[in-house]
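J.: Based on the provided sequences and hints, a complete structural model is requested.
In terms of our numbering, the sequence shown opens at residue 286 and continues consecutively.
Read the hints as simulated data drawn from the structure, not as lab findings. The hints are all genuine.
Straight-line distance between alpha carbons at most 20 Å, and here's what the computed SDA-like set of lysine to any residue pairs gives:
(1) Lys316 <-> Ile328
(2) Lys316 <-> Arg329
(3) Lys316 <-> Leu327
(4) Lys316 <-> Gly306
(5) Lys316 <-> Leu305
(6) Lys316 <-> Ser326
Label-pair distances were calculated between CB atoms; the ranges are:
(7) Thr317 <-> Leu289: 33 to 43 Å
(8) Asp296 <-> Ile328: 16 to 26 Å
(9) Val343 <-> Ser309: 21 to 31 Å
(10) Glu320 <-> Ser347: 33 to 43 Å
(11) Leu327 <-> Asn298: 13 to 23 Å
For each residue, glycine too, the CB sits at the ideal point set by N, CA and C.
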Amino acid sequence: MAVLANSLADDFNNILTVILGASSLIDCDSKTPPELLMCVSLIRASAEHAASLSNRLVQICSISKHRKNSKRLKKCIG
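T.: So this is what it looks like as structure tokens:
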């Protein structure tokens, strides 16, 4: 399960990188209308939030994996 979650998180982060990069390019263009800049700001904030959720998923899976390995080690030792 953790491997699948990590793989999905990596793929999701790759997509978010493109979204954040494109929004930065639009933001840097001096010809971008103010209305569009507001939309780009919302897009960027949403993508950053999604990246944060993705990173949390990876952390949760990592913690779960370490706990599972710890339980296996205790069975082997004890």
